[in-house]
Amino acid sequence: MKTDLAHYRKEELMRVLTIMQTIRTFEEKAGMMYGLRKIGGFCHLYTGQEAVAAGAISSLDLSKDYVVTAYRDHGHAIACGMDPKKAMAELFGKVTGCSHGKGGSMHLFDLEHHFLGGNGIVGAQIPVAAGVAFSQQYQGTGGVTLCFFGDGAFHQGSVHETFNLAKIWNLPIVFIIENNQWGMGTNWKKVSAVDDFSATAGAYGMKGYSCDGLDVLEVRTTIEKAVAEARLGRPSVVEARTYRYKGHSMSDPQKYRTREEIDEYRKRDAIQAFVAKLTGEKILSEEEWKDMTQRIGAQIEEAVAFAEESPEPALSELYTDIYA
Amino acid sequence: MPELTYREALNRAMDEEMARDEKVFLIGEEVGEYDGAYKVSRGLLAKYGPKRVRDTPISELGFTGLGVGAAIAGLRPVVEWMTHNFALLAVDQVVNNAAKLRQMSGGQISVPIVFRGPNGPAEFLAAQHSQSLGSFWIHVPGLKVVAPATPSDAYGLLKSAIRDDNPVVMLEAELMYAWKGEVSEQEFLVPIGKARIAREGGDVTLITYLKPIRMVEEAADRLAEKGVRAEVIDLRSLRPLDEGTVVNSVRKTGRCVVIDEAWPMASPGVTVAQLVNSRCFDVLDAPVELVSGEDVPMPYNHTLELAAQPSVEKVIAAVGRVLYREDL
Amino acid sequence: MAELLRMIALSPTMSEGRISKWKIDEGTEFSSGDVLCEVETDKASMDYEAPQSASLLKILLQAGETANVGDPIAVIGQKGEDYAPLLKGIGPEAGGAGKAHEPERTAEKAKQEPPSVVAAQPAAARAPQPSPQPSPQPAAEAAAQPSPQPAAEQAPRPAPQAGAKGADSLPRQAPQAPARLPPSSPLARRLALEKGIDIRLVPGSGPGGRVVEHDILEFAEGTKSAAVFSGAAEPAQSAQKELRQESSIIQPSMKRLVIARRLSESFFTAPHYYLKKKIRAEALLALRATANAARPAKLSFNAFLVKIVAEALVRHPEINVYWRGPGALSAPGAAATGAAPETAGGPTPTSASASRPVLEQRHSIDIGLAVALPDGLITPVVRDCNLKSVSEIDAELVQLIEKARAGRLAPEEYEGAGFTISSLGSFGIDEFTAIINPPGSAILAVGTIVKEPVVDDRDAISVAQTLSLTLGCDHRSIDGAVGAVFLADLAGMLENPAMALV
Amino acid sequence: MEAKQYDFVVIGAGPGGYVAAIRAAQLGLATAVVEKNLVGGVCLNIGCIPSKSLIHNARLFAEGKKLLEKCGAKVDLGGFDYAPAWRASRLAADRLSKGVSYLLKKNSVELIQGTATLSGASGIDVATANGSIQLKAKAVLLATGSRPRLIPGFEFDEKKILSSTGMLMSEKLPKRLFILGAGAIGMEFAYVMNAFGVEVTVAELLPRVLPLEDEEASKIVEKEFRARGVVIYTGAKASGAEVADDHVVVHLSDAQGSPLEIETDAALVSVGRTTNIDGLGLEKLGMRIERGYIITGEYHETSCAGIYAVGDITTYLQLAHTASKAGEIVAERVAHLLKGTPDPRDHVLDRLHVPSAVYCEPEVASFGLSEASAKEKAVPYAVARFPYRGNGRAVAVEAPEGQVKIVFDPDTKAILGASIVGESAADTIHEILLASKAELTVEDVAELVYAHPTVSETIMEASKAALGHAIHI
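Chains as they are written, first to last, in the working numbering: chain A, 701 to 1024; chain B, 243 to 570; chain C, 2 to 503; chain D, 4 to 476.
Since the hints were made in silico from the structure, they are not lab data.
No residue lacks a Cβ here, since even glycine has one placed at the ideal position from N, Cα and C.
Check each hint, because a few of them may be wrong.
Derived pair list, reagent style DSS-like, types lysine-lysine, alpha-carbon separation capped at 25 Å [unchecked claim]: (1) D:Lys7 / C:Lys89; (2) D:Lys178 / D:Lys68; (3) C:Lys80 / A:Lys990; (4) C:Lys59 / A:Lys990; (5) B:Lys265 / A:Lys867.
One side of the interface only, derived from the structure: several residues of chain A facing chain D at Cβ under 10 Å [what the hints assert, rightly or not]: (6) Gly797; (7) Asp991; (8) Ser1010.
Could you put the whole structure together from the sequences, leaning on the hints where they help?
As structure tokens, this is what we get:
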């Protein structure tokens, strides 16, 4: 699917680019901070997949729409509008983090921006997302829920159960499979009966879409279409084929794939490609791009400084936020 | 006061709460057209329509998780599990999502949801359908767990559970649905976390919850004939546990028998026994006795099945041990 | 925006890394994800990937050099940027040397200088009370222990529940002979403490001999004695197995223990001396016979004895005294051989006896009469004997002795004798010495009346009925001569009761 | 500019802050205290201390006048001037504030005049007269206190619509004064002004004066005040004030809802206090704050590790002495963490054993459970009372209005709380407070031999009353 740039106003294109670059810069910094042991535990970076979150989430109206995702959640959180300071502070485990340092990398939440997490169990967020869509339908809000999950999660039973529920009740939901091709260290082709996940949608009476997850505009137009359908009570399944540059998590030595494969994908980098397209069409100047990267670089630096300087949660916080 | 069955009491509670709050809805297998596998939701579909009384496919994981999602997005679902045995398919959604989302989000998100259904052995149902699984739920911080033993408590606790802003798991029992008891016509709530002293006595404290209550009361009657005045505590809530009522009673009697249908390891019963040991040590005249379900999968044969469960005789024998009376 | 590139942890356990090779040269541009250098970690050789796109401006750590995680290894940025300020404070040796000057960025620094109070404390020290402490021992380590015997079984159990008294009396210093508490329920231990009962003396009726509540209650009522139950607790077959026993242990009763303690205390603190006098008893016997002639119930010999001793004491108040030492265990008026007058906290020294001994002068004539019972001795006391007639004294004695035999004497009926009479006449004992019964200073031991030849004033030998008196005195309060005068006077009155009237 | 490093930085030099700072310095911590206003805080400068001075003089004035009149003297108040009494109050405040500055100096606490903002867990920016400076601290204490609460319709101009600050700072007496809010502050000013001859009207929203105190104590105080000519409206809602050139008209509706207009020369608004937490940068730190109060846990630590809070900004009673005690605990805790000095584990600020006092005439003082709170919490309790009428000393000094009320456990006879209204209440409360803290029972207190005649005997008598055998009633 080729998309006409002219379809979008410059501000919108710049907004999408900003989201992508913010995610990229944030993730690169998060990786550094992990290496410096400022961040611990499981930390799944989104580097390489920015086009999916940015393209998909930028198409939403977050005054009524919701986003639910799994543990590789920094990108979606930022795309929804979470302040990078709050996100970085959460990674640092500080009390200023979006979850007061209780969630960490895998459990970012931002209720204000309709971002409902951040789920660490593969596939567990899928029925929850359907529930959010159920609530939207029940309350007649006109909202849609985007449910992100990966090629690994696709094989969970929750997918079948939720696809079925979504269709029988015509929930306003779009299931987005971010196929980054590696379920931890397992190549998706090895464990998948189909070579296009969107093909399964038909079995549930839903429409399936597939798009190039490295082309942000293609993602954007595809999701726009799917979201419009979902608003009319027609749930759908979208596969966005993408690639992650880093290991599954920060402790992954990545022996299962070659550097050549990674380099191959880096050449097709979604941000670079988008920038090239924008500059080629004279929508973005070199100068503007430089300004943007600098501005975002400074913003993320600031987020790190904020996280660094923020207080730890006091011990009394151990017992808070558990029961309402 | 009018008598209601346990089933009718639950039905009345849901009916009133659905009438009171548009956001309350019932979801589960056979809750609508079939009036509930155990007829607990009888008439609700007719009254509230399919939007609010939602029949699901046989997808415990799916509809339980969907309930959680609906709860975090502003609704108040009552999720009926046909039995707690089947809820094991949905444990992930209860434990990893319902109980955790509030804490993981630093308090941003609330999960006002009720999970309810029959729990524990009935008759002739064999290993997979006769399990008392309160242990699974009470283990998890973030959940509340209630287990009413009378129609009145079933009514009052279910209403409290529906109004609670936290996930509440409610244990019921198939054989209790037909139990009758007085339920005030006036609307009332039973607070979560408060035990009931079912009978007062000074010689020994018998602590139980859910279905064994009647058996324990019968044991108490028989003990009374032999001059032993047993205090019977119906816990009603397993999490949070009403520690005060338990501790005050055992401090009075110095002897304690806990009766629990669940298997003995890591069960509500041993949790209570541990509480008594730690808080009442100085007044105990005998180790706390636990009368639990036998540590075996439930057999189908009726004689074996009964032998696998607590009984009046087992309770009396345990009381004999804590009283050092061989004549009991 | 030039910045320092730092050594990062390329494996979870890496704390330092050695650069084995730089893959690009200074001045080269690179993209995010490009390999900048190879780093040897504790585990393997790893690629150091560029965290972002930039140029390598300066290498700070050369191949072959090692740096801690967090130390700068290079400067990256845009070509031509002035990065000199970044290097300020980094020593000529580059790399690792920079770390000490870099404010709180490095892991090392963070360790050394906590930025806040929190980091200064080990987590354990700040743990809130309500949270249960996790086991400090890793599970694997615990599992590796070959002997998983519970510690409780190995060590003698300290028994705080037994109270200060019980715990003190346990030979904690002597592990070779641990005096173990019998198995007992916490409630029983608490009750025993409250009632001042040594739980080791209480036979247990619970499983494995556990002492339980009703054992203590029965013991306290006196309806359960050690002897009965020590027999019952031992199975009969053990007696058959071992027909001959060197000795066996009998748990003494509470009363026995009290007698033992109090008499030892008296005997080992009060310096005793004894005065003996043999008297003729005919006149006294005749008096008794005369008095009894018209009475349906006979007055006892002891009643006369008590009355005359009382008269002697009226004349010799110096005998009716008590030497109260500092910290003396007996409260005023406490009995010597009463059954368990102690309370849980142990006897309280009175204020008078707190620092130095005092001599207590008694103003009432309260005489105790030792009575032997199967399980010990008890001394019922007749108060104000000088104000009572012989028949009153007799009536009182009958009542007291009856109560004593039934075990129903109240403390006020056996405590506080100022003088004690002990008679073994009924056992045919000629004479004996007795141990002073506090709070008195003297005790009169009375033997049996025997017929024996005596030489009278006229040197004629005749048969007389004689009685041996032995007066035991506390030398601290009664000197020998004082005691002697008293005994002589008393003897005179007993030999000639009329003397008691004048 | 290089940030200056301290162990402990205290923000606010009121009774919470300066005590904490001095204690911390005593324990060897490098300590600084940042104050934007006057050292000593509200208490010393515009609170307890100057108001006590005024109360003292008001009492002398009123009683002296009363005595002279009683003895037949013709009292001519011509030439009466309030200013000297007012100056005495300022002198007292000034003296004590200087005293605190001296103590800070003596203990090597650095005093930094300026406005502080937290820039992170350990950084503090201070805006001073000479520009901004940065401080670094291993631990921070927030002790910024409170200010009079503003309510719409009664915006302070400190000329006609006064806060307690304005009231304390005015050198002249109004002829008529309207007081909105009959809490401790309102009633103390009502007393002072009435004693100096001002026509005072008090309005309170709740159904009684001193609503935080025991109901019976309220009644006694209200009766006394009315007897002295103070006009009191309880259950009254104030909707606003019209300020004219030479007077103010206050609009009220009384307990029955009927509208009332009160013309007065000045209105004092004393309806509680607002916490000073804005501008400290707390939201950015993710600190747990509920309804304007900072939530603190063990050792008064906020939800941010290493940052503590004491005094009016927390959920404890807004009293100088709670702040001071909490400040001490924080200092000791921080010194324990940094220097290994003993942990103040046993020095907890026990909410039930904090006395509160109102220094009007008659004085009111209380602690612990009131009868109402015991009832509400369903705690088993009994109440014993003893009236001042039965006390020789109180009668002799012509102060027979008052009573001691003890709330105790009917089984154990433990003292759960007490309320005293009458002569010397704020002083005598401490003996029963000490008894309660030391877990003595009413039996113990009843047994104690008291000097006769003293007002304290009322406590012994009330304790005897608790046991059913008071002598003098």
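Consistency of the hints with the structure:
As the CA atoms of Lys7 (chain D) and Lys89 (chain C) are separated by approximately 21 Å, the hinted pair is consistent with the 25 Å bound. Proximity of Lys178 (chain D) to Lys68 (chain D) is assessed by CA-CA distance (about 19 Å); at most 25 Å being required, the pair is judged to hold. Restraint check for Lys80 (chain C) and Lys990 (chain A): satisfied, since their Cα atoms lie roughly 14 Å apart, inside the 25 Å limit. For a cut-off of 25 Å, the pair hint linking Lys59 (chain C) to Lys990 (chain A) stands: about 22 Å separates their Cα positions.
Between Lys265 (chain B) and Lys867 (chain A) the alpha-carbon distance is near 22 Å, which keeps this suggested pair within the 25 Å criterion. Checking Gly797 (chain A) against chain D by beta carbon gives a least distance of about 7 Å; that is within 10 Å, so the hint holds. Because the closest C-beta pair between Asp991 (chain A) and chain D is about 27 Å apart, greater than 10 Å, the hint is violated. Hint status for Ser1010 (chain A) relative to chain D: holds, with the closest Cβ pair at about 6 Å, below 10 Å.
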